[in-house]
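Student: The primary structure of each chain is shown beneath.
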Amino acid sequence: MDASQNTIISAKDTDNEPVLAVRGLKKAFGANVVLNDFDLTVNKNESVVVLGRSGSGKSVLIKCIIGLLEPDAGSVSVLGQDVLSLDHEGLDHIRMRIGFLFQSNALYDSMTVRENLEFPMRRHLKHMSAADAEQRIKEVLSNVGLGHTIDMMPAELSGGMQKRIALARTLVLKPEIILYDEPTSGLDPITGREISTLMVEVEKKYHTASIIISHDMRCVKITADRIVVLIDGRAYATGTYEELKRSTDEKVKQFFE
Amino acid sequence: MSQSTKLKSFFVETGAISKFTGWFFHEFLRPRFEAREFLRQCYIVGYKSLPLVGLTGFIMGLVLTMQLRPTLVNYGVEARLPDMVSLSLIREIGPVITALIFAGKIGSSIGAELGSMRVTEQIDAMEVSGTNPYKYLVVTRVWATTLMLPILTILSDTIGLYGGYLGINIRGVMSMDLYVNEVLHTVGFSDLLPATIKTFFFGFAVGLVGCYKGYNSKKGTEGVGLSANSAVVLSSILIFIIDLVVVQITDLLGFN
Amino acid sequence: MAKQIINNIKLGIFVIAGLIILVTSLYMIGRNQSYFGNNITVRARFTNVMGLTKGNNVRFSGIQAGNVKSVHIVNDSVIEVAMLVEREFQPYIHKNAIVSIGNEGLMGNKVINISTNPIPAPAVENDDLLPVKKEVGTNEMLETLSTTNDNVAVISQDLKQTIKRLNNSAALWNLLNDTSISYNLKISLLNIRSAAVKVNQVATGLNTIVVDAHNGKGTVGTLLADTAVATDLKQAVNHINGASAEADAVIARLDSLIGGIQKDVNNGSGTVYTLLKDTATTNKLTNSLDNIEKGTAAFNEDMEALKHNFLTRRYFRKQEKAKKEAGK
Ligand SMILES: Nc1ncnc2c1ncn2[C@@H]1O[C@H](COP(=O)(O)OP(=O)(O)OP(=O)(O)O)[C@@H](O)[C@H]1O
Ligand SMILES: [Mg+2]
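Residue numbers (the working numbering), protein chains in the order written: chain F, 12 to 268; chain V, 2 to 257; chain W, 626 to 953.
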């Protein structure tokens, strides 16, 4: 089945200026072909949700974008630069402008919450004063509602709290593009909604573009400007939440039930 | 079939470790230097290991003295006890036992720590926040183990010699002054220097193997446990191999 | 933050403690091996250094004074040993101080002993060459002893033959007219006598030592009991005993011979003349006398050596004491 037949072109109010473009991405682990000719474009100020079943390769996709995994074929261009051809320094430079929320949070468990948030800052914002840094940390922590945990160790926090700290760590650098890997998994519906709203607020406030990977349809509904359905390693369908919800395609419909 | 795959995986592993080592030498002199993390690791690796290493050193000195004593008494050369104890402690037992204890304590903890960081994607997280995780995690730890083990060994030797002194005085009488004098008279540069130099290699091996195993840990808790375990096993073997090589070299150089 | 600083302080203490221990022990070892500090070099030349190597201790009158810096071969019979000696010893070591190689303990390392010479001399200077003393080892002593035995045996053989000849010929008057020969003969006889007495003394002395050794008495006993040395010594003693017995017999015979000859000469008859015609015999006799003299001298030397050897010294001292007491 040709993917383009099921593609529903969206007509959203974004500045049709792509900040991130993935073309013909291929990635296989041995015989296990995960991504096969995957295409994706994210415009400025746009939030794109990638939907897909577990194990379909969503995490692999965003790791390829940020250069943690090297794709077998295809091109990845972020903020006008070809990620795959960058050397280490160039990659560091572009990563400074990208936020990445790990599915597993990936908090540094030997460091306090404060040190966790400081860690990316001490790299990227070398010239920031200590007071400004402290100010920034407190700000993002209160954004995720965890200001009181600043001196705690990650192990002392619940799973949901850890997720929120991880989100705070992603936001602390005020990146231009944010890649969220399941930002609301493991959170109660209320917190999940708060986080989703926060994500939208951040997008508006700092004009960020984002790729959001989520199974949580409430979150998808709040955050998505556009949805890409990842099936068999391809962008099987694209559209707004409403468009896809009305889709008659069996495989797409399953996600909205 | 399985024999040849085993052989193959052995060479693959050896190659990977060599590459990992090469990577260390590629990175270790380049900025940026993670001074704070390095100091933190030195504290953990060195200072925190001192009680354990000191205790084992003390017991080694005491036990060695008590074990050697009857034989020397038989030959009527009981007065040579300080010589025997100090030579065997400083040349061989001190460095090797300390290194083995160190491998057990530090090698495994580095393997487990980096392993769990790998598994929970903390290493990836470092990489995306613009920190070279190899520099931040591996270079600092390898430096710390390389520089701290010699100091631990010196302290352990000292404590072990004190244990030897007590061991002598359990059954006989010897003044501290005489004991120290005898020890200093017996031990020469050619005993102390090769023994100290080899501890740098021991420390390097322990740190590097721990980091390699952790850094390349397989997914899952089992992978972490395996990293810790194989880090200890491999670094202990390497300690003996290095010991063997060093003894050959010092022999060739005529220091023996 | 504060914790971090405290940790760093602890780490600093830890590292500095380790380094201080390392540096001080290196320094102390170095000082012990005279690597640093104020030293002078003195040299000595040996024919045999008996396993002495670089780093062996140098003692001055028993005090640790330095160590051996190098041992190198000058030519096939000269080995030069350079020693580092602490400068504080310099005023006490004189240019004629005697250097010898000894053992550190029973089975210890070789050690160089510098001992003072009673004859006054200026203090050593850097790079001076000091005289050496040859240490007499047990083996060498036994060797000289056995050579002496051989000599005595040969001599007595010669004597026996000579005496046979003399017995067979009564024509000795011409010989006896030659006053120098008769004088020599008399002296020789005296020498032989005193030698025989000494041989007897040594023999009994050695016998006691050997018996003591077999019974395991004293350090000598420990060393000698059941060893090849003991056997050697015993053999030596047996030889000496045999030799002295022979010498006694020779003397008795010579005594009677001379008595006979004198009678012959007094009577103005006999066959000494025939004998003296045979110049070969005369030569042989003179040779024998020479040999006896030499043998006695060698024996005396051996006796001196024995007196100074550590094994037998004690015995001779005792003897002297006993003599003194007997004199009182
Ligand atoms: N490092 C790796 N080595 C080998 N296979 C991998 C690796 N990472 C991912 N895979 C495989 O790639 C496939 C996609 O994995 P991925 O983590 O992208 O799934 P996902 O879409 O994120 O699923 P989930 O929603 O459960 O997180 C899986 O089959 C997985 O086995
Ligand atoms: Mg995933």
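Take the hints with a grain of salt, since some may be wrong.
As the list claims (entries may be wrong) - Which bits of chain V does chain W cover? Going by a derived footprint, with three or more residues having C-beta under 8 Å, they are:
id	segment
1	21-31
2	55-64
3	185-191
What the hints assert, rightly or not - Coverage of chain W stretches by chain V, computed from C-beta distances (three or more under 8 Å per stretch; other residues unrestricted):
id	segment
4	646-656
5	698-711
Unchecked claim - Below are the DMTMM-like pairs computed for lysine to aspartate or glutamate, each with C-alpha atoms no more than 20 Å apart in a straight line:
id	chain 1	residue 1	chain 2	residue 2
6	V	K220	F	E81
7	V	K219	F	E212
8	V	K136	F	E205
It is worth saying that the hints were derived from the structure and are not from the lab.
Predicted, not measured: the structure shown is a model, and the values here were computed from it.
Built from N, CA and C at the ideal position, the CB exists for glycine as well.
Student: For the segment 185-191 of chain V, do at least 3 residues have a Cβ located nearer than 8 Å to some Cβ of chain W?
Tutor: holds (count 5)
Student: Counting residues of the segment 55-64 of chain V that have a beta-carbon nearer than 8 Å to any beta-carbon of chain W, does the count reach 3?
Tutor: Since three or more residues must qualify, the claim that chain W covers the segment 55-64 of chain V is violated, with 0 doing so at under 8 Å.
Student: Between K219 of chain V and E212 of chain F, is the straight-line Cα distance small enough, at 20 Å or below?
Tutor: Answer violated: K219 of chain V to E212 of chain F is near 38 Å, above 20 Å.
Student: Is it true that the CA of K136 of chain V sits at most 20 Å from the CA of E205 of chain F?
Tutor: Outside the cut-off at roughly 38 Å; violated.
Student: Checking C-beta pairs, does the segment 21-31 of chain V have three or more residues closer than 8 Å to chain W?
Tutor: Check failed, 0 qualifying residues.
Student: Check, residue by residue, whether the segment 646-656 of chain W contains three or more positions whose beta-carbon lies closer than 8 Å to a beta-carbon of chain V, and give the verdict.
Tutor: holds (count 7)
Student: For the segment 698-711 of chain W, do at least 3 residues have a Cβ located nearer than 8 Å to some Cβ of chain V?
Tutor: violated (count 0)
Student: Would you mind confirming whether the straight-line C-alpha gap from K220 of chain V to E81 of chain F stays at or under 20 Å?
Tutor: Holds: K220 of chain V and E81 of chain F sit about 19 Å apart, inside 20 Å.
Consistency with the previously given hints fails for numbers 1, 2, 5, 7, 8, ordered from lowest to highest.
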